[in-house]
Structures are given as structure tokens and as C-alpha cells.
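**Student:** Residue numbers (full-length UniProt numbering), protein chains in the order written: chain U, 1 to 665; chain Z, 1 to 665.
Some hints could be false.
To be verified - As a list, the in silico DMTMM-like pairs of lysine to aspartate or glutamate whose alpha-carbon atoms are at most 20 Å apart:
| hint | chain 1 | residue 1 | chain 2 | residue 2 |
| --- | --- | --- | --- | --- |
| 1 | U | K573 | U | E656 |
| 2 | Z | K606 | U | D631 |
| 3 | U | K610 | Z | D629 |
| 4 | U | K624 | Z | E593 |
| 5 | U | K600 | Z | D229 |
| 6 | Z | K600 | U | E656 |
What the hints contain is simulated information worked out from the structure, not anything from laboratory work.
Number of protein chains: 2
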Amino acid sequence: MAVATQSLETQCINAIRFLAIDAVEKAKSGHPGLPMGAAPMAFVLWDQFMRFNPKNPQWFNRDRFVLSAGHGCMLQYALLHLTGYDSVKIEDIKNFRQWGATTPGHPENFETPGVEVTTGPLGQGICNGVGLAMAEAHLAARFNKPDCTLVDHYTYVILGDGCNMEGVSGEACSLAGHLGLGKLIALYDDNHISIDGSTDISFTEDVSKRFEAYGWHVLHVKDGNNDLDAIAKAIEAAKKVTDKPTMIKVTTTIGYGSPNMADTSGVHGAALGDAEIALTRESLGWEHAPFVIPDDVMARFRQAVEKGASAEAEWNQALATYRTKYAKEAALFERMLSGELPANWADALPTYAPGDKAIATRKTSEATLNALAPAVPELVGGSADLAKSNNTLMKISGDFQKGGYENRNLRFGVREHGMGAICNGIALHNSGLIPYCATFLVFADYMRAAIRLSALSEAGVLYVMTHDSIALGEDGPTHQPVETVASLRAIPNLYVIRPADGNETSGAYKVAIASRKTPTLMAFSRQNLPQLEGSSIDAVAKGAYVISDDAGADLILIGTGSEVSLCLDAAKKLRAEGKKVRVVSMPCWELFEAQDAAYKESVLPKAITKRLVVEAGIEMGWGKYYGADGDMISVSGFGASAPGGRIMQEFGYTVENVVARANAL
Amino acid sequence: MAVATQSLETQCINAIRFLAIDAVEKAKSGHPGLPMGAAPMAFVLWDQFMRFNPKNPQWFNRDRFVLSAGHGCMLQYALLHLTGYDSVKIEDIKNFRQWGATTPGHPENFETPGVEVTTGPLGQGICNGVGLAMAEAHLAARFNKPDCTLVDHYTYVILGDGCNMEGVSGEACSLAGHLGLGKLIALYDDNHISIDGSTDISFTEDVSKRFEAYGWHVLHVKDGNNDLDAIAKAIEAAKKVTDKPTMIKVTTTIGYGSPNMADTSGVHGAALGDAEIALTRESLGWEHAPFVIPDDVMARFRQAVEKGASAEAEWNQALATYRTKYAKEAALFERMLSGELPANWADALPTYAPGDKAIATRKTSEATLNALAPAVPELVGGSADLAKSNNTLMKISGDFQKGGYENRNLRFGVREHGMGAICNGIALHNSGLIPYCATFLVFADYMRAAIRLSALSEAGVLYVMTHDSIALGEDGPTHQPVETVASLRAIPNLYVIRPADGNETSGAYKVAIASRKTPTLMAFSRQNLPQLEGSSIDAVAKGAYVISDDAGADLILIGTGSEVSLCLDAAKKLRAEGKKVRVVSMPCWELFEAQDAAYKESVLPKAITKRLVVEAGIEMGWGKYYGADGDMISVSGFGASAPGGRIMQEFGYTVENVVARANAL
């Protein structure tokens, strides 16, 4: 097709395609197939529907766009560049996938303004989209007034076959259907090709019917390669259905335009090569050199700058009006957007004295959550169907449900992985909402890919994990974490905190709430734990501290969580034998490692080499704290099914054994 | 209802219910609700349909039963006891959830003969069921003859709302529909109650429609509490549809029979208490004391013993005939069932010499898999849509597909978690099949819950994980493992092996294939690696070994995988400077820890305290090997998107840096 006969729209679409083709070719690495096939839907969406301000990527009321099929990131970089985001210049596209570029191999919100969430691991993005839409629905219900709308945006997601095969997407989409999130619109790039070839070899289900079963509004664009009008009409129809999310299946051809590679898995994840690119230029009628965008094409895309500025200006006016009419709500709203926490919020944290009742930390967690609920109104969250076991309900609020989006208790169902990914979306809505989510600690395994993405994408999610050791008892080894805490400590940029009692629980939340770019995972006990002499809210932020000490101590007992009281009891006995003992509570490795050398030395002096660590978990990584002359009481295999007390005894978590092992040093 | 008017069937069902009620009450812990509601479907299934031999739980051709809703394990223990399994005596039921009992809090195949797979973590069991059905379909296609059927059993699964909410079940069920596994029959205990209350709060999708979308045959029994005939007819109908798996939605009442607690979440996971139990006895007309089973009820259940013996005898005859007519096939079949590997299978492992071409270990893995494919005919497996990147296709076989079940290449689609759980099912079919599965190493996170269950349930699955470090390059931090190897080393009973070259790859498979009760996870490189002087197939089984040494060495460089060659290159340079250096290749911690003290000392002598570990991953756990005077070149945060060579350089994985850090010791 000669370029002269092409509509400007087609040229715009080809501009996206060739930025992708040429950037991948220059990098000799990347995924051209999806951008080539999905460019038409993306263009229609960004050109006709998406509201955003390229010059202020964080404008609150923008529509959110998520490329769940993150490998096709050149699609997103092309759109960002063409519509005028400063984060992606043409040089950045030429530097695609190179050291230090803003155009990494998969979209990363922390590298590239304009990218909302980090995608690539398949299925995550659509779940993030559910979270973004939940955040919007919640804020709209809380802040909008009949005469003044502050919160009103859509969440658009492009997802592929891979996303739809991943179970995590099913979890979140089932919940999205249940919740009736009408402003979530997913475009399914139905190109029937995955890496191993045709989806015929493993994925022949009826995806549309499945989404209907979830309660979604489902549409189909049969020719997603050429029928721009059908794409636009489908998005319009989607917007009209306000009580259901919409899935638009858009049938496309992967690598559209490549004469020899279109509709094959060969075009999915590799550069096309010079010869095929030449043929593709010919076939698509694109006569421009790599990275050259004709003026009229650029002008069309750059309309977004003015449109965006005026959309934001209009919204700013609405905000000004809102501020006048609803000063209190406006103050809260603007404080939340600013990312500032309420003044003195931490004063709400419960405190405990040594005489107080022994309580499970999952219950002191409940008390803390409920104390924070009024003090930190941006806190929203819930459990994967274990609200009563994880103790995560905020009593001052009802359930976030269709018709009750203003409520703050989220009901995730038995969907741990989707829950984590949804919370990432809520956190990265960047409207100040602080999401928490909960399950049994051992089921962190189910949601680990989402936890990793919280850490990588700087989403300050709170993970409230209860039943944190073999001491949970009868449920047995399938439910007993032994390696779980260690495996979570392995994740960079994640605080893993195992509080010893009520004060440390408050301390854990104090860190977690304040920590907006590092997620926090808190491990709470099922069993009751005493309120400890010497425990401290503020010391938790230091990761480890001396909770009990003798002058001239030459032995350190180091415990975490439920084992701190055991260490303290053992210390008493050792002291009765004339020993001089220090007990260190070490709720969080990562925070301790962040302290200066002097503080670390003050807690764990090099000179005291007799050290016994007591933790009801595996030994891995503790060596650096107990050292060459130290020892640890740890669990070396899986747990067992029996009452918790019996298990702790059988596994050596007794005062007698701690004393014996300490004396053996 | 007075007992006199009750049918024997109803009494049998009540016997199951009260064993569950009374065992949970005695333990003051457990889940009575599901057994009370699902007892009718379970009774009909075990009484009229299931073929099994209580006196030989491992009889090969038995129907497989999986309680995917594993918390309802008292249902399964009651059935095992009543039908005459020796593993569950009445004393064992009285010891439910106690230390050392065969009746742990969730069903565990390694504790209780008659339990096929370990369930409890929701959604896993139905996926295991898909694996069991795939194993049956595969063996039937390979071994059955027109005149002689050896392999012919059903796989029955009871799953609940929780299982159906978990994404992992969707993954496996979509694949089961695609594969048309006609002998998989799932009974969905539709009791519309989960722990947090009615499923109305989070799970309102149309499950039947979703399974239809997957390509399943779907039926509905509206009154699963009373209509035994409808249950039986549904199972009959399910058996008649041979080209699709069947999902029978059986609508039931959780805690059926409890006047005050039925149909509430209160009966899900707690003992009913004496008063409510008395009322339930009255309401169900059960006049027997706890743990007392009337003779006629017992006699009815125990018919299973004779039926089972005669079913097995009949099958033994078929096997005898088969042996005569098809001696070669019978020999293979019986060898597989025995769990013996073929004689001299390890001779097929490829060997490499230092002069040989540098190849990525994912490619030496491919060569090994293909060398083993003919030598180990029980090897079956595949990738989660990354066959060409993970290099996991066996060239001598086609794809396991509907109409081609005899083939050994499995096509899992982008379904890592379901893949792992399916492989657990294949392994625990206990027919000698050795399953492997593959994805990028970082996506071990997606399937971690299944990997943990491989380890816990002693399923000797091979995990073939490629792209094992930041060196994979451009795909960036979402795809780059940094903490992944460490987090996997944390799992008990799992060999994590990171081979350095072709010989070590063969060595890894040599361990993995032979290791039928410990799963093995192998981490392979994307990038080419040289064939190393001194590398050894057999030494891999020792976990670590001296690959290069100087007499009088006072410095040890310890590497794994791709960093071993770096250590060897650095050693050369250090030697040129006059240093005496030992290089240790340490592909597997767990195997090294299993060696005797003398061997360990011979590799890492205590006297040599200058030790530098080089691994492209986090430091966690390495301290015990490099010690107080040693050091490590590790990765402390997430990776980056750039060409792999550049990344390795930026992160300090260069000869210069290894030399400098070694000299600094």
C-alpha cells in the first residue's frame, strides 16, 4: 500500500509498529510481535479515549493504562514518546534495553514516568488493573459529591493469551466481575500465538465465555488489525456498561505486516532482521528511516499534550470548587494525594505493659489495625478468606462491595496471588491509599510473584501473615511455615518483621505504614504470647535491640517473634545458674542491617561470640549473626500435625533446651 | 428421623459424618463441616464406583481419589477406616491430629497409605488429579493393546469453593479440558460457604459455565444432601463421556445435620461442641456412641475388601496374559511399576572435554534430556510455553495431545503453578513415570507452592529452570533471579543444583533421575559457558568438589554455575601473581551437607579461612561457607535491563574484581 493512499490513522499505527520494530532490531533483543499486532487497538484507545497529561504523568484523574502483556513494552514506549512524555525521548527508544535507559526490557513504573505498574511476569498487569479500578471506585465513592466529581477515570488494560492462561488473572477477574467494576476495560489481544506456537497446542478454552461466567460484559472485535471503527465502538459500548467490567476480545495478527513472520511465534520475541524489516516496510507502506516520525503523524499524537493540559486544568477547577464547598474532604483528599501521613497518626498505636494479658500477635495486629483504622483513613485491605483467622477486619467499616465501594474492608476470596497483585495496583494508584492483605504465612508461597513485584516496583503494600510457625499446631506441615520467613527475607526491598508481642506489633505497623516504597511483611503468631518486659515500639525500626541485659554479659540469646519470650525465660534460668546473659529481640533483619556500625556493635558486640539464635524456622542466613562460635535452635525439615505446644516441645523449643544449648557453647 | 426407618445407605453416610464430628471434637481441632456435607457424594462414589483394594493401597489399576478440599480430611480417613485400610484404624481416628498419628490435619500421602497426594493448600488437589489422569491416559495409550487392557482407571476428585477460587485450579482445569481427559471426574462440593461466610461476599461467578468454557462436561446434582440416586446417575453419565473431563456440581449443605450450625462458616473449621453434637445426633438419628460403628454399616463398607481383592486378582490375570503376549512391553511396564530405573541408564549421559565448544547449560540440558529420552522411557515432561527457551523438547517424541496420549512432550501453556501441581500428580501416580517441567527460574515464584508440595510429599519431580541469573540480560529485573536460588535452597527435601557446564549438567540429571523421593530443581544458564577442565559428572552428587587446586593453597574460590569458570579464570591470574589457589565448584548445597565430615573437610579445610564465594545471586546463607575471614561477590538488590555481559560487568562479575576481592582477603 502506497503511503499516499494511507489515512493518517494508519500512518500513526505504523509509526508505533516501526518504533517497535526498529528499536528491537537496534537492540537485537525484544518483542516486536505484540506491538505490531496491538498497535491499532492501542492507537484508537490513546487517540480517542484515554485522558492523560503527558507533561504531568502523575495527574491524579488520568485514565490508567496497563500493558499486562509487558513483553510488548515497545508499544507503550512508542505511545509515551509519540504523545509527548518527557520520560521517553527518541534517544531513549534508540537505547531500548540498554544499561541506564528509561526503556527497560519490560515496563517498570520506577524507571519510566508514564508507566503505571511493572509488568512482564504474565497475568500481573490485569490484576494490577483490577486494583487500580478498585482504588478509583473506592475514592469516587468516598469523595465525589452529587455536585462535584473529583474521581472519575477508567482503567484500560491490554492483555494477551499468556495473561489469560495464568491463574492469577482468573482470580482477579473473577473478583472484578463480582465487584462489578464498570470502569475497568480490558482489551484482550487475541492473536492465538504464544511462544511455543499456536495456542491450539494448549489453550483452546472459550475465553469470552469464561469472562461471561465471571460476570463481565464481553465484546468481540473480529478484525483488530484493520477495523478501527469496530475497536472504537467496542470501547464506547464498554464505557456504557457501568455495572460490569468489560473484556473486549480483539482478534489480531501477531507481527502484522511482516510478510514472512506474521502469525508465527517467530515474531514474538526476536528482532525481525534487516531483510524482513525491509519487506515489512514495503508491505505496510512505511517509507521512513528508523526512528524517523513524519511531522503530521507526530502532530496528531502530540495533540495529547494540549488535550491533557486542558483536561488537567478543568479538573483543577473542579478541585478548586470542591475545596470551597467541601473543605474537610478536600483536605483529606489532598493530603492523601501528597503522600503525607496524617499528623500524629502513630499516637494511635496501642501500647502494652508487661503485666498485660498474653495475646496472640495476630490479635495485637487486629487491635493495631483497628486503632489505625480511624487514624489512617487511607488504610484499606482484607484477607484471602481468612479474615477471622488473620484478624484483619476493621470494625469501623463495612465491606467494599458493589453498591458499597466507600467501605474499606476488602474481601478477596481464596485468591492469595490475585490479592497481592491487586494490592500492588491499589498502592500504585498513587492516591495515598495504603493497602494491606492477609493470609496464613505459609501461603506467601502462593503469592510470592506478587510480593516480589511489590518490592521491585516500590509498592508499599502491608502483608499481614498469621500462623507464622510450626507452633500453629494441628493443621500440620502443609500449613506450617518453616522456610517461609527465610525465603521472604531473601527478597530485596522487603521488610520482613516478626514481632514478639503487642508493642513490637505496634512497632511493625509503625514501620509498615510509614514505608511507602518498601513493602512490609509481618509474621504474626497464632498462639498467645506474653507482653514482654523491655519490648519497645520504636526499637522495631532498628531491626534488633537489647531487650534484657546483664552487665558483663558474655552470652547473647537472639530471638524473634514467639521465641523472644522463650529466650527471656531461658535467660532467667541461666541467670539463676550465675550466668550473665543478654537477650536480643531481632524482629527485622533488613532494618537492623540499615543501622550504622556503632548501633550494630552496641547490640551484638563482636567481643561476645557465644550467641544462640532461637527461631522456629530454618537456619539459613542466621550464621552471620551467631557466628563461628555460636549456635541456633532451628527447624531442619517440615513440621508435623499435633497440638502446637507438643510440636514446640518435640522440636526443641523449650526453656530446658535453650538453657542446655546455651550452656554447651 | 428414627434410625429404624433409615436405609443402610443413610446410616453409612451418617457413620462417615460422626467419625468426622467425633474425631474433631476429641481433638478439639479440625474441620467437620465438609465431611458432614460431602459424605453422601463420597459414599456413593466409594460404594458404587470406586475400584480399589484396601489391603493393597498401591494396587496399580485402582481408581485414584483426591480430596482437593484437604481440610475435610476426616472424610477421607473415615472412608479409609470403614472400607478396611490397615493404615487408619479406629485408634488412629481417635488420635486425629495428634503427634505421630497416621491421621494428620491434612491428608499426607507419605504418612497414610491410601492417601494418593498431599492436599490442604487449596486448589492443589484438583491439579494433582489432572496429573493423575494424564498419567493414566499416557500409560493406557502406551501399554494397552486391543486385546489386553492393563491401564484403565478413573481419577475422582472432590473439590470445594476454595479450590475453585484459586487460580491454580483454573490453570490445570483449562488444560484438562484442552486435553479431553475423559477419565477425570471432579465432584464440586458446592456448599456456598467459605471461611469468611457466604461465598456471596466474594465468589459469585458461574462456576459451571466457566468449566464449560474450559471444554468440560458439566452436570449438576441439586440436592447433594439426600439425592443419592442423582449423584449415582451423574457419575454414570460422567463415565459415559469419554472425550471430556466431567465436573459434577453437587449442591450441599456444609455441616449438614447440625441444627444450629449447618450452612454457616462456624462449622467449617471448629469442633461443634458437646451440646450441638448431641442435637446433631438427634437430628440425624445416630444413636451410637463416638467411634462406634454398627455391624451392618461396617459390613457394608467392608465389602470393599472382597471386591477389591477380586478386582486386583482379575487385573493380575490380565497382566499375566499381557506378559505372555507382549513380553517386551510387560517387562517395561513392570520395571516401571517396581520403581527400578533401567540398567545402565546413566551411560547415556553426555560427557564433555575441556576443548569442547562453549554451550549454555540450558542447551547441555537439552542434550541430556534428549540423550535420556530413549534410555529412560519413563521420562515425560515439558515447559510452561517456553519449550524453545528452556530447551525441553524430546525430539524422539511428539506432543501429548488428545488422540496422541502416547507422546511424552507435555505442553503446559503459560501455567507454571498448574504445571508443578500436575507434575506432582504424575509423580505420585506411582507408576514409575518421571515428570519434568520447565520455566524461567524467576518464575519458580509462580509455582513455589507446588514445588514445596513436591518436597513435602516426596514427589521426585525434575524442575528444569533456565535463565538463571542477571546474566540473562535485556529482559531485566522482572525476569532476573537474584534471590530465587537462595529462596529455593530454603525448601527442605529439595535438591537445588546449579551446574557449571556440560558435565555438571549430566551430573545434575544423574542425581535428579535417581532421586525419586526428593525433587530436584536445576538452574541453567541462558548464556554460553565453557566446558571446564576438571568438571565431573559424578562429583555433582557430592554437592561440591575441588575442580582446580594448588599444593599448599591458602585461598579458596567457591563458585556455582556460570561463576565457576570466572573463578577458574581468576585463579589463573592469581597464580600468575604467585598465589596458591583452590577452586571449588559447589553445584548443590544440600548434597554437600549430606556428605561425611571427612569429605567436607577435604573440600573446604577449616585451616583455609581465606575464602571468596562468587555467585550471581544474593549472599544469604553463604556465610557458613566463606566464614568469618571470607567474602562474597553477590547481588544485593534487583537486576537491570541491558545486555548480559554489561550487567555482569556492572555487578562486579569480572576476573579483575574476583582477583581484587581475593587479594583483599
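**Student:** Now look at each hint and say whether the structure bears it out.
**Tutor:** Hint check results:
1. U:K573 <-> U:E656: Satisfied, since the Cα-Cα distance of roughly 9 Å is no more than 20 Å.
2. Z:K606 <-> U:D631: With a Cα-Cα distance of about 17 Å, the restraint between K606 of chain Z and D631 of chain U holds, given a limit of 20 Å.
3. U:K610 <-> Z:D629: Within the cut-off at roughly 18 Å; holds.
4. U:K624 <-> Z:E593: With Cα atoms ~18 Å apart, K624 of chain U and E593 of chain Z stay inside 20 Å; holds.
5. U:K600 <-> Z:D229: Since the Cα atoms of K600 of chain U and D229 of chain Z sit roughly 71 Å apart, the hinted pair is violated (cutoff 20 Å).
6. Z:K600 <-> U:E656: violated, 32 Å
Hint compliance for this structure: hints 5, 6 are broken, all remaining hints hold.
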